[in-house]
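Could you put together the complete structure from these sequences and hints?
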Amino acid sequence: MNDTFSAATYKGTKQFTQQHIATANATGFGAAADDFMERGIDLNEMLIKNKPATFFFKMNGNAMEGASIYAGDILVVDRSIKVTTGKIIVAAFNGELIVRRYQQSFNKAILSAENKRYADIVLDEFAQFAAWGVVTYVIHSF
Amino acid sequence: MIAIIDCNSFYCSCERLFRPDLSNKPVVVLSNNDGCIISRTDEAKALGIGMAGPYFTNKPLIEKHGVATFSSNYNLYGDLSWRVMETLRILIGKQHVEVYSVDEAFLFIDFVKPQELESFTLHIKNVVEMWTGIKVSIGVAPTKVLSKVANKLAKKNKIATNCIWILDTPQKIADALRATKIEDVWGIGSQYAEKLKKYHILNALDLSFKTTTWAHQHLGGVVGARLVRELKGISSISMKDELINKKMIATTRMFGEAVNTLQPIKEAVATYASRAAEKLRRQYAAASYIGVFLVAKQNDYNATYKRGNTISSYTILPQATSQTQHFIKAAVTLAERMYVPGTTYKKAGVTLSNIVPDNAIQGNLFAAPQENNNRLLMDVIDSINASQRNDILKFAASGTNRDWKMRQELRSPKYTTRWEDLLELK
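Just so you know, the protein sequences line up as chains D and C, in that order.
Just so we're aligned, residue 1 is where the first sequence starts under the working numbering, counting upward by one.
Just so we're aligned, residue 1001 is where the second sequence starts under the working numbering, counting upward by one.
Please keep in mind that the hints were generated in silico from the structure rather than gathered at the bench.
From the three backbone atoms N, C-alpha and C, an ideal C-beta is built for every residue, glycine too.
The reader is advised that the hints may include incorrect statements.
Stated by the list, open to error - Anything over 12 Å on all C-beta distances counts as not near chain C; from chain D, calculated:
#1 ASP42
#2 LYS87
#3 ASN107
#4 GLU125
#5 HIS140
What the hints assert, rightly or not - In the DSS-like style, the derived pairs of lysine-lysine whose C-alpha atoms are separated by at most 25 Å in a straight line are:
#6 C:LYS1198 / C:LYS1158
#7 D:LYS82 / C:LYS1198
#8 C:LYS1135 / D:LYS82
#9 D:LYS51 / C:LYS1414
#10 C:LYS1181 / C:LYS1156
#11 D:LYS51 / C:LYS1125
This is the structure:
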């Protein structure tokens, strides 16, 4: 079901018009490069595949350092992607939103951190759990 | 067929999306200035908390049950509203979607086969919930008014209906109309409801038996006749053109604290004028009418007030404009003229009218043509304010410390529109 509509690609926000070509109305000799001006690269095109379903969060904590998600990083989360085993997800667990890797085997599901100091969270029938969205990108500043 | 899709307890659902600890707990959202309750979850309704009731009368109940209470966070609700509507546009094409309000949209779904209506609406509901996290109810019927009836029934018993109710046979329509009280019919206000009850019209079915001629006479002319025709299953309210530009723009707020001096009132109307001008520019328009009104506190106004405690005045500008400074100048002058010393005011507002597209401003023979160059300045201010935070750049007339500003003590972060407000996850 969800795969049917994944083609809703977000085309970015940047406008590009004649006015953005610096030398378009040059009174002297127009630069030959004018004919080859493009809109330029828009990061939104890459990071946002489905705009109405994409949300941003900030990582706070070291639970996912093994997956190269560090405190202060920006998480790009897409709710329209199906949660399947192995995906890093945002999960509502016991009333809190957390980031973990979702792993499902034939008889159980767990949320695992990528940091030895954190124990796995077993999702039994007593756990208050709901998948919130799938982490698709992380923006890290060096 | 026409479907209306309506977000369940929309403002509360927006708050809950980022607060999983509040799922299944009672939540209420307060109006501007924290005056009234404007959104309640089912759990809050079950506690007996009234809709649109003043906050303070419900406060004991709210505190007793620990109801989560929020000031309205329109940045968040606006963003999530856009997401819901955009999802619908992506799903069925924008030509089939008519946004009716912040949390409602009509879907024109004649292209769906009758036997597939149920699976189609269920699919829409599931996708909207998955993508945006907002739960919705859908009513389907041959007309807009009937789809509203269906939607009410879907919401009434969420578990039995799974929030979807389809009126696709004459029998189902009749049953639904019988179950709908006359005052719950879309478009019937409380006054008309009282009037209709005198004619022994107690539910929507009774009304649907009336002729359109009767409705024309007794129910406000064309509008009433159209309503009855819709109840009979004849589609009479067409799909609106997309994005009809507003004919009038108003910005009005209660003051956080009542004020009795001129300066804060001038600052308030200057701020409202800037906000209204911003809305005007957002639809690429210009206006030449600016009106200002002041509302005095009850029992604190003198005889100069002709209509209750509200006083209003307006100016026609020589030429339509979209520039904030022109509106501020006019608004402040009007406020100065209207202000009566010794009166305490609780509310003010600015309205803009005579709206024209800003590329078709008519010249005035007696006024020098205005350079629209300042439009560039306005664009810069607008985009800085939109990308940083509201009012980071503003006209000095709006004042710097605003005691009169809205009270919004319990507002949640702007999770989806500000970098600094992003929710932090562990």
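Hey, LYS51 of chain D versus LYS1414 of chain C, does the alpha-carbon distance stay inside 25 Å? 17 Å, holds
Would you assess whether LYS87 of chain D, listed as outside the interface, keeps its beta-carbon beyond 12 Å of every beta-carbon in chain C? 15 Å, holds
Does the alpha-carbon distance linking LYS51 of chain D and LYS1125 of chain C stay inside the 25 Å limit? 18 Å, holds
Examine each Cβ of chain C, and state whether all of them lie more than 12 Å from the Cβ of HIS140 of chain D. 15 Å, holds
A cut-off of 12 Å on Cβ-Cβ distance, and ASP42 of chain D was said to be off the interface with chain C. Does that hold? 16 Å, holds
Least C-beta distance from ASN107 of chain D to chain C larger than 12 Å: 26 Å, holds
Given hint LYS1158 of chain C paired with LYS1198 of chain C - CA-CA distance at most 25 Å: Measuring from Cα to Cα gives roughly 33 Å; hence the hint is violated.
Quick one, are LYS82 of chain D and LYS1198 of chain C close enough, alpha carbons at most 25 Å? Between LYS82 of chain D and LYS1198 of chain C the Cα gap is close to 56 Å, so the pair fails against 25 Å, i.e. violated.
25 Å limit on alpha-carbon distance, applied to hinted pair LYS1181 of chain C and LYS1156 of chain C: Holds, at roughly 13 Å.
Non-interface claim for GLU125 of chain D, where every Cβ of chain C lies beyond 12 Å: 17 Å, holds
Given hint LYS82 of chain D paired with LYS1135 of chain C - CA-CA distance at most 25 Å: Answer holds: LYS1135 of chain C to LYS82 of chain D is near 18 Å, not above 25 Å.
The earlier numbered hints that this structure contradicts are 6 and 7.
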